[in-house]
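Chemist: In case you want the letters, here they are:
2 protein chains.
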Amino acid sequence: MQFKIRAATKGDCKEVSRMIMELAVYEKMPDQVKISHEELERDGFCQNPFFECLVAEVPEEHKSKEGLTIVGYALYFYTYSTWKGRTQYLEDLYVMPEFRGNGIGKGLLSKVAEVGKTKECVRLQLSVLNWNKPSLDFYAAKGAQDLTASEGWHFIRFDGQNLENLANEAPKDE
Amino acid sequence: MQFKIRAATKGDCKEVSRMIMELAVYEKMPDQVKISHEELERDGFCQNPFFECLVAEVPEEHKSKEGLTIVGYALYFYTYSTWKGRTQYLEDLYVMPEFRGNGIGKGLLSKVAEVGKTKECVRLQLSVLNWNKPSLDFYAAKGAQDLTASEGWHFIRFDGQNLENLANEAPKDE
Chain A
1 MQFKIRAATK GDCKEVSRMI MELAVYEKMP DQVKISHEEL ERDGFCQNPF FECLVAEVPE
61 EHKSKEGLTI VGYALYFYTY STWKGRTQYL EDLYVMPEFR GNGIGKGLLS KVAEVGKTKE
121 CVRLQLSVLN WNKPSLDFYA AKGAQDLTAS EGWHFIRFDG QNLENLANEA PKDE
Chain B
1 MQFKIRAATK GDCKEVSRMI MELAVYEKMP DQVKISHEEL ERDGFCQNPF FECLVAEVPE
61 EHKSKEGLTI VGYALYFYTY STWKGRTQYL EDLYVMPEFR GNGIGKGLLS KVAEVGKTKE
121 CVRLQLSVLN WNKPSLDFYA AKGAQDLTAS EGWHFIRFDG QNLENLANEA PKDE
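As they're listed, the protein sequences go chains A and B.
Position one of the first sequence corresponds to residue 1 (full-length UniProt numbering), numbered consecutively onward.
Position one of the second sequence corresponds to residue 1 (full-length UniProt numbering), numbered consecutively onward.
Among these hints, one or two may not hold up.
Which copy is meant is left open, because identical chains are indistinguishable; a pair holds if it fits in one copy or across any two.
In silico SDA-like links for lysine to any residue, alpha-carbon gap of 20 Å or less [said to hold, decoys possible]:
#, residue 1, residue 2
1, K10, N48
2, K34, D159
3, K133, W153
4, K119, T79
5, K84, A24
6, K117, P30
7, K133, G105
8, K10, I70
9, K84, S36
10, K172, P59
11, K142, K172
12, K117, D43
Source of the hints: derived by calculation from the structure; they are not laboratory data.
Input sequences plus hints: build the corresponding full structure.
Modeler: Structure, rendered in structure tokens:
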């Protein structure tokens with residue numbers, strides 16, 4: 001199937017927001033989505049954007065049964081290793097179920113890596129749930145290492161009240 | 001012990017670079033450090049910086065036996081959740097061994113959270129090796145969750161030749 005991958009524009013945020021929700025439904029956690037296309041527009045299209053996004057688009061003749069032509073997205077941002085320098089982090093990679101098996105996911109992933117290369121990024125990282133065998137296999141087949149399995153890295157998170165407490169305990173300037 | 005936490009300046013990059021190496025020695029991987037203070041200056045003090053950094057400074061009378069007054073740092077950057085919005089990631093938190101036990105690590109951590117709060121960040125995340133019990137305990141005591149243990153998140157990485165391959169396989173524009 002023919003498809004095109006391009007940088008998302010502000011005007012694509014509604015479609016990206018629609019797919020973020022589809023992905024959350026697939027992950028059985030749709031009630032976790034607290035942001036809308038307005039936040040995406042604000043945070044991705046400002047000076048010093050918090051993220052960048054690519055979308056996959058199919059021609060009109062291949063549109064979905066609902067009439068959609070934007071059928072996948074990859075949302076990523078720049079991170080930093082104090083050992084290696086510039087790196088990238090892929091937050092979401094999604095292709096609508098009826099468009100899978102056409103190389104669109106692989107195309108999005110490769111395009112993110114290509115963008116990273118132009119910025120001299122030396123790593124592309126992401127996180128996968130341990131029960132998500134299809135995704136683990138997808139990335140492993142493309143050469144990625146599972147650092148939690150091989151080196152024992154654990155993800156730690158502060159949020160909600162414990163994050164609020166931390167922020168409130170910051171030393172004050174004299 | 002009296003100490004001050006402030007945003008790192010370009011002029012602090014040599015000291016931050018020195019502490020990055022000390023941390024790598026502690027982690028028994030000093031040969032992994034490929035970047036120097038020049039890269040830190042370039043990547044942290046440009047338009048759209050790749051990271052931000054705080055340093056902890058002690059007054060002259062408390063300087064280290066080598067005469068150092070910059071005794072700790074926290075290096076972090078902004079990330080993004082497509083469910084929750086703006087988030088922060090703490091890449092490194094380090095205090096020189098002889099200055100530990102004075103609340104400097106906690107001070108740096110809280111200050112990062114405070115900076116995040118001013119930018120409306122709703123999460124602060126980081127990674128810890130599973131054998132690093134003191135660090136796991138430190139964060140847990142402050143309320144952080146271990147998402148690898150509780151939800152099964154695994155870290156996945158592309159780098160070196162497999163990243164190069166990915167980038168080279170990106171779909172070309174027609």
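Chemist: Classify it for me, K84 with A24: is the Cα-Cα distance of at most 20 Å met within a copy, between copies, both or neither?
Modeler: Between copies only: 12 Å across, 33 Å inside.
Chemist: If the cutoff is 20 Å on CA atoms, where do K119 and T79 land: within, between, both or neither? Let me know, please.
Modeler: So K119 and T79 pass the 20 Å test inside a copy (12 Å) and across (17 Å) alike.
Chemist: Since the copies are identical, ignore which copy is meant and state whether K117 and P30 lie within 20 Å (CA to CA) inside a copy, between copies, both or neither.
Modeler: Close neither inside one copy (34 Å) nor across copies (25 Å); limit 20 Å.
Chemist: Have a look at K34 and D159 and pick one of within, between, both or neither, based on CA distance no larger than 20 Å.
Modeler: within (14 Å within a copy, 32 Å between copies)
Chemist: From the Cα coordinates, with 20 Å as the cut-off, is the pair K142 and K172 best called within, between, both, or neither?
Modeler: Between copies only: 19 Å across, 48 Å inside.
Chemist: Which holds for K172 with P59 at a C-alpha limit of 20 Å: within a copy, between copies, both or neither?
Modeler: Between copies only: 16 Å across, 57 Å inside.
Chemist: Cα distance capped at 20 Å. Does K117 pair with D43 within a copy, between copies, both, or neither?
Modeler: Cα proximity of K117 and D43: across copies only (15 Å, versus 23 Å in one copy).
Chemist: Taking 20 Å as the upper bound on the Cα-Cα distance, should K10 and I70 be classified as within, between, both, or neither?
Modeler: within (14 Å within a copy, 43 Å between copies)
Chemist: If the cutoff is 20 Å on CA atoms, where do K10 and N48 land: within, between, both or neither? Let me know, please.
Modeler: both (15 Å within a copy, 19 Å between copies)
Chemist: Are the CA atoms of K133 and W153 at most 20 Å apart within a copy, between copies, both, or neither?
Modeler: both (19 Å within a copy, 12 Å between copies)
Chemist: Classify it for me, K133 with G105: is the Cα-Cα distance of at most 20 Å met within a copy, between copies, both or neither?
Modeler: within (16 Å within a copy, 38 Å between copies)
Chemist: For the identical chains here, do K84 and S36 meet the 20 Å Cα criterion within one copy, between copies, both, or neither?
Modeler: Answer is between: at 10 Å across copies they meet the 20 Å cutoff, but 34 Å inside does not.
Going down the numbered hints, you'll see the structure goes against just number 6.
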